[in-house]
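These protein sequences, in sequence, are chains A and R. Quick note, in full-length UniProt numbering, the first sequence goes up one by one and the last residue is 257. Quick note, in full-length UniProt numbering, the second sequence goes up one by one and the last residue is 261.
Please note that a few of the clues may not be correct.
[As the list claims (entries may be wrong)] For lysine-lysine, the following PhoX-like pairs were computed, each having C-alpha atoms within a straight-line distance of at most 25 Å:
| hint | chain 1 | residue 1 | chain 2 | residue 2 |
| --- | --- | --- | --- | --- |
| 1 | A | LYS224 | A | LYS68 |
| 2 | R | LYS33 | A | LYS224 |
| 3 | A | LYS68 | A | LYS213 |
| 4 | R | LYS258 | R | LYS156 |
| 5 | A | LYS113 | R | LYS33 |
| 6 | R | LYS156 | R | LYS57 |
[To be verified] Here are the in silico distance ranges between beta carbons for each label pair:
| hint | chain 1 | residue 1 | chain 2 | residue 2 | range |
| --- | --- | --- | --- | --- | --- |
| 7 | A | THR109 | R | LYS57 | 51 to 61 Å |
| 8 | A | ASP215 | R | LEU91 | 56 to 66 Å |
| 9 | R | LEU246 | A | ALA96 | 25 to 35 Å |
It should be emphasised that the hints constitute simulated quantities derived from the structure, not laboratory data. These figures come from a predicted structure and were not determined experimentally. A virtual CB, placed ideally from N, CA and C, is assigned to each residue, including glycine.
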Amino acid sequence: MLAALAAGALALSACGGGSDDAGSGSAEESGLNLVSEGSLTVCSDIPYPPFEFEENGEYTGFDMDIMKEIASGLDLELAVQDVEFNGLQSGAVLAARQCDIGASAVTITEERKANLAFSDPYYDSLQSLLVPADSDIASIDDLAGKQVGVQQGTTGETYATENAPEAEIVQFPSDAEMYAAIQAGNVDALLQDLPVNLGHTEDGSFTIAEEFKTDEQYGFIMAKEGSDELVAAVNEQLTALRDNGKYQEIYDSYFAQ
Amino acid sequence: MKRSTRRRLIQGALYAVFAAVVLLIVLAADWAKIRSNFFDLDVAAASFPEIVTIAAKNTIVYTAIAFLGGLLLGLVLALMKLSPVLPYRWLATGYIELFRGLPALLVIFAFAYAVPIAFQWHPPGGNAGAGLIALIIVSSAYIAETIRAGIEAVPKGQVEAARSLGMNSAWTMVTVVLPQAFRIITPPLTNELVILIKDTSLLFIAGMAIGDRELTTFSRDALTSQANATPLVVAAAMYLIITLPLTQLVAKLERHNKRGR
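The whole structure should be built from the sequences, with the hints applied where relevant.
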């Protein structure tokens, strides 16, 4: 018993020492200042189909597939953590070094740039208004006095607040609750990113009333400080993916009409 | 070594360890970062006065509704559970076991989303109303058990004495047993109240309109717009400002009750 314990302790301390060495060693090599050396730790607010969702016990989606390619391009393992969008887009999760990079359909905005480092844009996004198929809401101008569901802290919320001032804005923690709320009739419409709303039109009960060109683009996010090398490395990988056609392949598998 | 010397040495060593741990924490923490991320005075000031007039007010209103509702429903359930009529007892037992066993968050979700879908019926008061009904249901399950224990803790002689004075059983329950029971269960009821204050933070799952936000939703919102965690600290302080005087008040009440006995 004692021997086993001692052996266990030895093994543990050996592991600890080993990983320490490996850590400092490859940190010098890669210079990426990773949270956990050898792997690219990705934070994402899951589910948000088609960008990130779980399938057969694995996280997948547009963001996740791109991340997989970037990680393998950097010779790193991919580790995904499910976090809340609010903490992610405010920079708190990254500042606390919970992960190296955030891939969660984050729109690049000037405000967010104050607390985050963005990669090059990797996706052009539209906002949109989802309503029940039999609704008489045809555009954002019909929203006065209606309840509009938005996700807290998103550009959709900002757009709704600025462009539908007479609507009653109802905040939800994520798309899962928003979709349940419009199904339950708790809200009259949802204002959020187009691809996500498109996913909700598939069974025919809901329809996109209007799309809004907001010139928004998604970027991967990294900590404001100490991630210059990582940003450069991720951008390099993104360019490579666009050049070798891999990006288009992934894009088509999720957004081909 | 004299025993007293040894004791003093051990005590001294313990103090030294304590001081060393405190010193280590103080030295290890990045205070400048903590101050700018969690204690930014400008950000804190920006959350006033709405954090008081909207968020804290809603937290208190929600708690009061959930607690009073839970108290009434809990009393009915407790009496049902003590009833000689078997189906009432089964019903109360089943209800208590069900809602005490489910996380409040799931019950709120069910009332905000599942009930409207299933019955085409929207609880009054919108999403906050649906969440509050769920909180009343959850808290009544706990409170029922507390009240039942209180009723059972009232000595049998009290009932016998009241009945021998010619009171009927309902009158005995209302005028003799229940006042004593509530006196006995003041501490656990306070506990339930404090838990409810914090459980109102779960209402966000139902979806919140701007004016309905309670402390937690409000501070999460501010965290987003200010990109700084200071609003969370302000909200934490507000919770303490609400709970600490409350528990002090109840402790005072309890001392008063003890003297009255």
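Could you grab the alpha-carbon distance between LYS224 of chain A and LYS68 of chain A and see if it respects the 25 Å cut-off? Roughly 23 Å between the alpha carbons, so the hint for LYS224 of chain A and LYS68 of chain A holds.
Between LYS33 of chain R and LYS224 of chain A, does the CA-CA distance stay at or below 25 Å? holds, 13 Å
Run the distance test for LYS258 of chain R versus LYS156 of chain R: straight-line Cα separation, threshold 25 Å. holds, 20 Å
For the range 56 to 66 Å, tell me whether the beta carbons of ASP215 of chain A and LEU91 of chain R fit it or not. holds, 59 Å
Holds or violated: 25 to 35 Å for the Cβ distance of LEU246 of chain R and ALA96 of chain A? holds, 33 Å
Starting from LYS156 of chain R, check that the Cα of LYS57 of chain R is at most 25 Å away, please. Given that 25 Å is the threshold and the Cα spacing comes to 43 Å, the pair is violated.
Do the beta carbons of THR109 of chain A and LYS57 of chain R sit within 51 to 61 Å of each other? Hint violated: Cβ distance 32 Å, outside 51 to 61 Å.
Compare the distance between the alpha carbons of LYS113 of chain A and LYS33 of chain R with 25 Å, and conclude whether the hinted pair is satisfied. It holds: about 19 Å lies between the C-alpha atoms, which stays within 25 Å.
Does LYS213 of chain A sit within 25 Å of LYS68 of chain A, going by the straight-line distance between their CA atoms? violated, 29 Å
Checked against the numbered hints listed earlier, the structure breaks hints 3, 6, 7; every other hint is satisfied.
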